[in-house]
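A.B. asks: The primary structure of each chain is shown beneath.
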Amino acid sequence: MTDTAVAPPRSQNIWGRVGDFLVRRPESTIALVALALGAYFALVNPAFLTTANIRVISQYMIATAILAAGQVMLLISGEIDLSMGNVYFMTPFLVFFASEAGLVLPLAILVGVLGAGVVGYLNGAISLGFGIPSFVVTLGMGFVINGFTLNISDGFPKRVPSTGVAAAIFGDANFSGLMWVIIIVIGMHLILNHSRWGVYTVAVGGNPLGAAEAGVPSRSIKMRNFILAAMLAGFAGVIEGIRVGSFDPGAGVAGTKVFLSVAAAVIGGTLLSGGSGTIIGAFFGALVLAILQDGFNLQGVSAFTFTMVLGGAIILAMILNSLANKARVRSQSARL
Amino acid sequence: MTSGSNGEAIRAEGVGKTYGPVVALRDINIRLAKGEVLGLIGDNGAGKSTLIKILTGFTQPDQGQIFVGGEEVKLRSVSHARELGIETVYQDLALVNQLPVYANMSLNKEAVHRPIPFLDKQEMRDRAKAHLGDMGVRIPSVDTEVGFLSGGQRQAVAIARAVYSDARVILLDEPLAAMGAKESAIIIDLIQELRQKGEVSIILIAHNFAQVVEMCDRVNLVQHGRITFDTLVSETSVKELTDLVSAEYRTRGIG
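Chains as they are written, first to last, in this note's numbering: chain A, 1 to 336; chain B, 1 to 255.
Do not take every clue at face value.
For the chain A half of the interface with chain B, some residues (derived, Cβ under 10 Å), not all of them [to be verified]:
(1) P46
(2) L190
(3) V204
(4) E213
(5) L272
(6) G275
(7) A303
Just a sample of chain B residues kept apart from chain A, beta carbon distances all over 12 Å, derived [to be verified]:
(8) R195
(9) E214
(10) A247
Mimicking SDA-like on lysine to any residue, the simulated pairs with C-alpha atoms at most 20 Å apart in a straight line are [what the hints assert, rightly or not]:
(11) B:K53 <-> B:R26
(12) B:K121 <-> B:E145
(13) B:K121 <-> B:D143
(14) B:K121 <-> A:D248
(15) B:K197 <-> B:V213
(16) A:K326 <-> B:N97
(17) B:K121 <-> B:N97
(18) A:K326 <-> A:L310
(19) A:K326 <-> B:E145
(20) B:K53 <-> A:S218
(21) B:K109 <-> A:N193
(22) B:K109 <-> A:P208
(23) B:K74 <-> B:L93
(24) B:K53 <-> A:A212
(25) B:K121 <-> A:A168
(26) B:K34 <-> B:K129
(27) B:K53 <-> A:G215
(28) B:K121 <-> A:N193
(29) B:K109 <-> B:S79
(30) B:K121 <-> A:H189
(31) B:K197 <-> B:E8
(32) A:K158 <-> A:G115
(33) B:K121 <-> A:K158
(34) B:K109 <-> B:H131
(35) B:K109 <-> A:K158
(36) B:K109 <-> A:A168
(37) B:K109 <-> A:D248
(38) B:K129 <-> B:Y164
(39) B:K129 <-> B:P140
(40) B:K121 <-> A:A303
Note that these hints are calculated values from the structure, not bench results.
On a predicted model such as this, the values are computed, not experimentally measured, just so you know.
The beta-carbon is built from N, C-alpha and C at its ideal position, and this holds for glycine as well.
Work the whole structure out from these sequences, hints included.
C.D. replies: Below, the structure written as C-alpha cells:
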C-alpha cells in the first residue's frame, strides 16, 4: 500500500540528477544539441552571436516552429498533414483578397486563418469519414490547394495589403514572428500537457481501441487537430508574408515547408507511430534546423552542399534521438 | 426462479446462441450474487467466451432472458451494458501505454480547474493513489507511464479503473493468461480484496483450477453450451474439478 506513494529513487550527485532530468524530459536532449551547435558556431564565427544574426536565426525558424506545433498534435494522434505547406502559401492570398474587399488587416487575417481551417476540416472529414489514411488525403489536398492558390493569384506575388501597427504586430516588426512562435508554442504546450484535448490526443494515438472503449471522442479530437494544424499553417504563412513584404504563391517549395515541420517534430522527440511527442521538443528541433542553416551560411558553405549537410544532420539527429529514447526506456524500466 | 432479486447482480435464464450450424450456447442458466466471484471453467469451445460476450452486450442471444439487479434487460451494446454497470476488462485493450497511471485511471473522467479547464493533475493523482491504495494495488508511482508496468500491474490498474468507474459487474476473460506466478499473485490479491469488500461482483474465466479455487466463491462448469455443474468452492476441490472437466474424454474410452 505504501508503495503507491514511493517516488522513484533519485541519484545523489549533481551529474546523476542532470542525467535523470535528461532521460525524464525527452525535449531536454534536443535543447542540449541546439545549445552545443550554437556554442560551436559562436566559437568558430564571431558574427554568429550578433543581434542581426540572431534575428536571422529567428526568421529561419518561424515557419518551421509554427507548422511543427500543429504537426506534432496530428502526429501524436496518429495522423499527418502534408498539405500544410500549401495552406501556408494559400492563406496570405485569402488575406489579400479579404483586405481588397475592405476589411482591416486583423479581420482579413482572421478570414484567412478561418479559410485555412476549412481546408483542415476537409482533410479531417474526408480522411475520417471515408477511413482513408490522412497521408494520402492531405497529399492530394496539397495539390488541390496549390492549384487553387496559383489560380487566385495568377501565379504572381502580391504586395502586402497594409502597413502600420497591425502589420508590425503580425510579422513586420523585428522579432514579432518570434513572439508569435513563443506564444503559440506555450499555448500548444499547455493544450497538449494540461488539457483534456491533450490527454485525448495521446490516447487516440497511443491506443485507438482502448481510447474508444473508454469513451474518448476520437473523431472530434482528430478533427480538432486537423483544423488546428491548418490554421497554424495559414497563420505562419501570413506573418511570414508580411515580414517579407510580399505574398508569394510558393509553387514548388511547399513540400519543403512540410518536411521541415515533420523533421523538427521528429528531431524533437515526436514519434511518427503516434502516441508520443512534445511541442517544446519540436520548437528546439526547429531551432536546431535554423542554427544549422544559418551557421552553414556564415561559414560560406555553398547552398548545394548545405542541402546535403542539412539532410545528413536531420538523419544524424534522429539517430541520436532514437538512442536517447532507448536509454530513457532502459532507465525507466530499471527504476521499477 | 422465485429467489427474488435481493442481492442479485446479474442473472441469465435459458440463454441460447447459434452461429449458423454451430450451437455455441444451448440453455444457459447462471446467477451471480452481489459481491460474489464466480469462476467459469470448461474446455475450449464450451461456450464460456460466448457467454461473456452476451453478458457484456457485445453479442445478442437468440433466446433467453437477462436480468440486471432483478430487472429484465436487453443488452443492446457494450456501452449499454456499461451504463448498467457491467464492464469487461481486457488485458491489453484497456490502457494507454503512453499515459501515466493517474491519467489512465481518470481517462474520460478528468478533474479540471475552473474557470479555465486545465487538468487538475494533483487531484487526479490523489484520487488514483487513494483508489489504488484502497484496493491494495501496488505500483511504483501513479506518475509511471503504464507502458513501463508489468503485465500484472497493468491488469490490476485496468480492473481498478473499472471499479473506479462504478462498474458493479466485472467480467474477466482469462485475467491470468500468460502471467507468471508473481504477476498472477497481484491479480489474485486484488480479486480477493474486492471479494472481501463485496461491492462488485465478478465473473471470470480461468483454466488453472488451483487459482479458481483461490479466487472464487463459486464455480460453474460449462460443457457443450450448458452449465453442467454449479458448486461452492468450499464444497469442491481442485481434484474434483479436474476430474469433471476431463471426465467426458475418459468415458469416451481413453482411460
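A.B. asks: Does each hint fit the structure? Answer for all of them.
C.D. replies: Hint-by-hint comparison with the structure:
1. P46: This interface hint is violated because 44 Å lies over the 10 Å limit.
2. L190: Since chain B brings a Cβ to about 7 Å from L190 (chain A), closer than 10 Å, the hint holds.
3. V204: At about 9 Å, which falls below the 10 Å cut-off, the nearest Cβ of chain B leaves the hint on V204 (chain A) intact, so it holds.
4. E213: Cβ of E213 (chain A) sits 6 Å from chain B, so the hint holds.
5. L272: With Cβ-Cβ at 14 Å, over 10 Å, it is violated.
6. G275: Where the cut-off is 10 Å and the nearest Cβ of chain B is about 4 Å from G275 (chain A), the hint holds.
7. A303: 40 Å, violated
8. R195: The claim stands: R195 (chain B) keeps its Cβ more than 12 Å from every Cβ of chain A (closest is about 18 Å).
9. E214: Fine: 21 Å to the nearest Cβ keeps E214 (chain B) off the interface.
10. A247: Given that every Cβ of chain A is farther than 12 Å from that of A247 (chain B), nearest at about 39 Å, it holds.
11. B:K53 <-> B:R26: Given pair K53 (chain B), R26 (chain B) holds - Cα atoms ~15 Å apart, limit 20 Å.
12. B:K121 <-> B:E145: 14 Å, holds
13. B:K121 <-> B:D143: Given that 20 Å is the threshold and the Cα spacing comes to 10 Å, the pair holds.
14. B:K121 <-> A:D248: 45 Å, violated
15. B:K197 <-> B:V213: Holds: K197 (chain B) and V213 (chain B) sit about 18 Å apart, inside 20 Å.
16. A:K326 <-> B:N97: Answer holds: K326 (chain A) to N97 (chain B) is near 16 Å, not above 20 Å.
17. B:K121 <-> B:N97: 18 Å, holds
18. A:K326 <-> A:L310: Violated, because 24 Å separates the two Cα atoms, which is more than 20 Å.
19. A:K326 <-> B:E145: With a Cα-Cα distance of about 15 Å, the restraint between K326 (chain A) and E145 (chain B) holds, given a limit of 20 Å.
20. B:K53 <-> A:S218: 24 Å, violated
21. B:K109 <-> A:N193: Holds: K109 (chain B) and N193 (chain A) sit about 16 Å apart, inside 20 Å.
22. B:K109 <-> A:P208: 17 Å, holds
23. B:K74 <-> B:L93: 25 Å, violated
24. B:K53 <-> A:A212: Status holds; Cα separation ~18 Å.
25. B:K121 <-> A:A168: Not satisfied, since the Cα-Cα distance of roughly 39 Å exceeds 20 Å.
26. B:K34 <-> B:K129: Measuring from Cα to Cα gives roughly 26 Å; hence the hint is violated.
27. B:K53 <-> A:G215: 19 Å, holds
28. B:K121 <-> A:N193: OK: K121 (chain B) and N193 (chain A) at ~10 Å, within 20 Å.
29. B:K109 <-> B:S79: Within the cut-off at roughly 16 Å; holds.
30. B:K121 <-> A:H189: With a Cα-Cα distance of about 15 Å, the restraint between K121 (chain B) and H189 (chain A) holds, given a limit of 20 Å.
31. B:K197 <-> B:E8: Holds, because 16 Å separates the two Cα atoms, which is no more than 20 Å.
32. A:K158 <-> A:G115: Holds - the C-alpha atoms of G115 (chain A) and K158 (chain A) are around 18 Å apart, at most 20 Å.
33. B:K121 <-> A:K158: 49 Å, violated
34. B:K109 <-> B:H131: 14 Å, holds
35. B:K109 <-> A:K158: It is violated: about 50 Å lies between the C-alpha atoms, which goes past 20 Å.
36. B:K109 <-> A:A168: Not OK: K109 (chain B) and A168 (chain A) at ~44 Å, beyond 20 Å, violated.
37. B:K109 <-> A:D248: 47 Å, violated
38. B:K129 <-> B:Y164: Given pair K129 (chain B), Y164 (chain B) holds - Cα atoms ~12 Å apart, limit 20 Å.
39. B:K129 <-> B:P140: 11 Å, holds
40. B:K121 <-> A:A303: 48 Å, violated
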